[in-house]
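**Q** Two chains, two frames, some hints: make the complex.
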Amino acid sequence: MSAPGLRAGPSQEEIRRHNLGALLRYVHINGATTRAELTGELGLNRSTIGALTADLATAGLVTEETPRASGAARAGRPSLVVRPMSALVYTYAVSVDVDRIRAARVGLGGEILDRREAARDGDTSVSETVAAVAAFVGQMHPDAPPDAVNMGTGVAVTGTARTDGGLVQLGGDIERFAEPLAEALSAVLGGDPRISVGKVADLSALAEHSRGVAAGCGDVVYLYGDVGVGAGIISGGHRVTSHGGYGGEVGHMVVRPGGHPCGCGSRGCWVTEIGEHALLSAAGRDGASGRDALLAVIDAAGRGDGKAQAAVRQVGDWLGFGVANLANILNPRMVVFGGTMRDLYLATAASLRSRVNAMVLPACRENLRLRTPKLGDDAALIGAAELAFERLLADPLADPVDGQGGD
Amino acid sequence: MSTSPSPLLELSRINKSFGPVQVLRDVDFTVTAGEVTALVGDNGAGKSTLVKCVSGIYSIDSGIVFYDGEPISINGPRDAADRGIEVVYQDLALCDNLDVVQNMFLGRERRTGLVLDEATMEELAAETLAGLSVRTVKSLRQPVSSLSGGQRQTVAIAKAVLWNSNVVILDEPTAALGVAQTGQVLELARRMADNGLAVVLISHNMNDVFAVADRVAALYLGRMAAQVPITEVTHAQVVELITAGRSGDLGLPAAGSGDDYGLNGARG
Numbered sequence: 001m002s003a004p005g006l007r008a009g010p011s012q013e014e015i016r017r018h019n020l021g022a023l024l025r026y027v028h029i030n031g032a033t034t035r036a037e038l039t040g041e042l043g044l045n046r047s048t049i050g051a052l053t054a055d056l057a058t059a060g061l062v063t064e065e066t067p068r069a070s071g072a073a074r075a076g077r078p079s080l081v082v083r084p085m086s087a088l089v090y091t092y093a094v095s096v097d098v099d100r101i102r103a104a105r106v107g108l109g110g111e112i113l114d115r116r117e118a119a120r121d122g123d124t125s126v127s128e129t130v131a132a133v134a135a136f137v138g139q140m141h142p143d144a145p146p147d148a149v150n151m152g153t154g155v156a157v158t159g160t161a162r163t164d165g166g167l168v169q170l171g172g173d174i175e176r177f178a179e180p181l182a183e184a185l186s187a188v189l190g191g192d193p194r195i196s197v198g199k200v201a202d203l204s205a206l207a208e209h210s211r212g213v214a215a216g217c218g219d220v221v222y223l224y225g226d227v228g229v230g231a232g233i234i235s236g237g238h239r240v241t242s243h244g245g246y247g248g249e250v251g252h253m254v255v256r257p258g259g260h261p262c263g264c265g266s267r268g269c270w271v272t273e274i275g276e277h278a279l280l281s282a283a284g285r286d287g288a289s290g291r292d293a294l295l296a297v298i299d300a301a302g303r304g305d306g307k308a309q310a311a312v313r314q315v316g317d318w319l320g321f322g323v324a325n326l327a328n329i330l331n332p333r334m335v336v337f338g339g340t341m342r343d344l345y346l347a348t349a350a351s352l353r354s355r356v357n358a359m360v361l362p363a364c365r366e367n368l369r370l371r372t373p374k375l376g377d378d379a380a381l382i383g384a385a386e387l388a389f390e391r392l393l394a395d396p397l398a399d400p401v402d403g404q405g406g407d
Numbered sequence: 001m002s003t004s005p006s007p008l009l010e011l012s013r014i015n016k017s018f019g020p021v022q023v024l025r026d027v028d029f030t031v032t033a034g035e036v037t038a039l040v041g042d043n044g045a046g047k048s049t050l051v052k053c054v055s056g057i058y059s060i061d062s063g064i065v066f067y068d069g070e071p072i073s074i075n076g077p078r079d080a081a082d083r084g085i086e087v088v089y090q091d092l093a094l095c096d097n098l099d100v101v102q103n104m105f106l107g108r109e110r111r112t113g114l115v116l117d118e119a120t121m122e123e124l125a126a127e128t129l130a131g132l133s134v135r136t137v138k139s140l141r142q143p144v145s146s147l148s149g150g151q152r153q154t155v156a157i158a159k160a161v162l163w164n165s166n167v168v169i170l171d172e173p174t175a176a177l178g179v180a181q182t183g184q185v186l187e188l189a190r191r192m193a194d195n196g197l198a199v200v201l202i203s204h205n206m207n208d209v210f211a212v213a214d215r216v217a218a219l220y221l222g223r224m225a226a227q228v229p230i231t232e233v234t235h236a237q238v239v240e241l242i243t244a245g246r247s248g249d250l251g252l253p254a255a256g257s258g259d260d261y262g263l264n265g266a267r268g
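Chains A and B, in that order, give the protein sequences. In terms of the UniProt record's numbering, the first sequence opens at residue 1 and continues consecutively. In terms of the UniProt record's numbering, the second sequence opens at residue 1 and continues consecutively.
So that you can see chain B by itself, here it is in the shape it has in the complex (with noise of 0.2 Å):
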């Protein structure tokens, strides 16, 4: 709903290296609120590791950081968690042995003196999930391992949503999903954005991309190939984005026309 043109999260020429291996060449990439951002890439792209520089798992080696138009700092998750930015990666780390509403609000519980207060948590919780319109858990008591794969993501995205996150970064939501679970994953990474929030969506899938995107980021070997709105590119360019890191005028400069750290992202 809201097109603000001012992005919430931008991140202005990153690098990063492991060692003699640099995984992020001179980055850009801009998240806006009210919009799904798909980071696409092939593997070994560096679409993990620029989300961990962004959630405060890695540190950057060189390259702003700007929240709100601000620069930042990210030293660490706590940093990340502070910003509101929250990411909920494919392994979910949900406890199996505790029911939703434990999972929701672990390690920050909430406690009315001693002893912890559950029925404003379970109230938050269930309050959370039907703000995003959640009608697939039906017990917020039933432990995480009595629900189905594409219930669990949905309280991993609740969990993050819950803390007032502003940014929810999806690590590959629905690669193991069936049809109807990943139908209702992008459908609440969609409904999450049109409640305001910044997402990014991590996804293979091309058909998920173009379902909820509103702009999509490609990355090709350590580079981001170029930010482009949904509304402008094909399935086809987008591939190409992805295997050869351009596509006609999109895209990194051909090899060998000089300029090899060329901002050619900077469309968004």
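Just chain A, same shape as in the assembly (with noise of 0.2 Å):
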């Protein structure tokens, strides 16, 4: 059919996989959905839905039942519901944080079936903290039904670390947890090399993304505050991952030259200014650390002492200063303030949007929506999921899926 010279088109091999996957990745998203929405949705015709779904089907991916009879009655025949096998089709999705980490079991659909979680602080070094890890999974293996299938394992880890004076450790953390992580859990897990990881800014983004606050929004950054901030950039409905995983890291864009010593080595970081350590210094409350100490200074404000008023709002100003940065250089529809960043921009938004509205170009700022996440502390978890069920989604019926659990 192709003319000389010309790419050949796909085959109809690779028409049946991407549309597998699309369907697939559709319930996956959207829970149970009729054929007939399928139909309409994906733009494929009632046979090939037909098809597929019994394809996902045969390969213990979906379920197909009738319409429970609630609700008002239809002329003709109910349209099948197609439902995620969440319950026996699952991943592992583990959060590496500054002060805790976490482990879940999560199935087809995003939700969370299974739950650990530890303390952990500066402390606790890698090899620690991935013995810990594997324990939570050696846990909660042997609790899933015998016949559900393990598809991976995700892994989000926080890019900053806690150090002595509160301060911002730069880490190689993806590469540092990638492989002893993978020798760990092929112990627990039998050799399963199917690990990814990511940084957590990056994977709470794409859960927001997902099926959070930025659903059906291709434009995101997703602002993750915790003893430093990091964000998540979505671009044209792709995540910008950026070589080695390592991009991102706007809390270390200088904002302020030769300004106060960062923890990277430099001076005047973004972060120095509206840091945890940044609020709580401006606060006179410097031996303070974590959310709660946060929190405190923010509760403070709003009775009126005057000391942490005026520092939420230089906070909530420097804070502003780089959204409309990010603003101009990205072009963002949403920009998601999560971790630490969601109470900081709740309590400074008037001074922060003062400043975004004052810096950031006409034509980006017009449609720029502030947003705080809807899936609150799970968005790492199930952004770790999500990039776990990738392979899957891309191509569903490349590993056989019937009865392998067992082994």
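The set of hints was computed from the structure by calculation and includes no laboratory data. If a hint is listed, it holds; no wrong ones were tucked in.
Computed Cβ-Cβ distance ranges for the label pairs, DEER-style:
#1 90(B) x 317(A): 23 to 33 Å
#2 125(A) x 176(B): 38 to 48 Å
#3 126(B) x 77(A): 25 to 35 Å
#4 328(A) x 138(B): 37 to 47 Å
#5 117(B) x 113(A): 29 to 39 Å
#6 44(B) x 317(A): 27 to 37 Å
#7 34(A) x 120(B): 17 to 27 Å
#8 359(A) x 112(B): 52 to 62 Å
#9 19(B) x 328(A): 46 to 56 Å
These numbers were taken from a predicted model, which means no experiment stands behind them. We put the beta carbon where it would ideally sit given N, CA and C, even for glycine.
**A** What follows is the structure, encoded as structure tokens:
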């Protein structure tokens, strides 16, 4: 069919694989869906949807059932409902945060089926962290139904660590965690090589984009704050992952030349003005740390503590500077404030928005929405699971799923 | 999400007097589906009166109310409720001795024959709370007296959403709340708008306004000083609009510039 010199069109097999992936992704994101709705949403005809659903059902990835009798009676045969096999097809999701380690078993469809959590502090080494994760997975694995199938593991790691001075350390954490985790999990799961690692901000962005506040929004910046500040960027519907996954370190863009020294060795990084440490220090609470201390300052400001009010206003102003820079560079439709950035955003929105409105170009400002996350702290776990499901969704029938779970 | 330019509810040149006191003077005000419109103004600027005119508690002396482009008359709270206009007042109007479900269906209970259809009501209440991603209210069968301030506010808001409302007006929803609960209620207001409702947020707190509003409407001594997109104003400008009625090019004309009844608010 194709003229000489032109690239051949996709083969039937490729089209089928693509359609299978699209259908599975749709029910994974949107939950139980009638065949009639799928026909409309995916733009495929009814018999194609029927055949694709049958293939996915045979593979044990979805089930089909007649809809519940409730609701208005409609004429004709009711359309079958396609449902993801949440309980039987799952991934492990791990989130290594500044102050805790979390692991979860997440079903197809994004449901958290089981979860474990432990505290972590600055002294917790990579090997201890890895051992804790492996132990959690080892605990959850026997609890999964015997015929359930594991599709891999996704890991979200924070790009920063708390050190003695409450400062920020840049770690090559993705590499530091990927290999030992693969080894430790292999030991628990019987040699599973399917481990994907990403940064918390990146994977939270992915989660909010898939099934959170930014669903349907293709241009998103997710600002994540803990001790440090990082960004997950989605542009044109695609994750901007950067070389090695080390990008998105917006906390280290210099906003104040010659400013406060930063843990990275530079001076005047954004994080030195908006980080947890900056707010607490401006409020005269140098010894404190953590989210509760941050909330205490915001609460004090709300109750009329002048020093706390000034600190909150000052941090909001600096927050606005950075967001304005990001908005001008990336022109996102939405900026999501996650982690401690959520609390800061809600407390400083007036000064932040004023700065943004004054600095961002009109074209980039008009449609800019500032939002807080819908998935809350679970975003990192759900994003890690999304990352692990990616392989399955790209090619649903690549691995035979049936009856593999027992071994 | 939906930035449809046509307003759902539009008030045009509304006037309202109590005896010799003119409380609202040629007020224009528009509310759009999918947006949070913040209504700000000093005490006595006319915010509450405006809301009571919209919700049918007060009648208006003159002016037109358009709903979805059609002129309508609101002669009582029933008319407003029939149009899907709900107000959540500061006192919340919840019954302490009743549980969450009973409160949400108060006065509009579902029946099957002679008995109350508790199962359906509970299901609908749970659906509404889930639709708003509310995770703070653990049991639907606990009495409201056992809930915190933020949870009560959440129940009162969910009650307003339950009735296929199109316009939900929140009167100072965060005034009595701590930091954590304020955040939850603000996110709730935002989520309602993102789900397609038209939300009006009355607030004195500029952080609340800038955190969730798409548009801000400032009343000054009974007149609409300006109604502008939140992307076009600064904190200082909104404060000026509230306290002086104008800020730079925005707002009411300077005193003595003639046109006493100028329509300067129509920028939305």
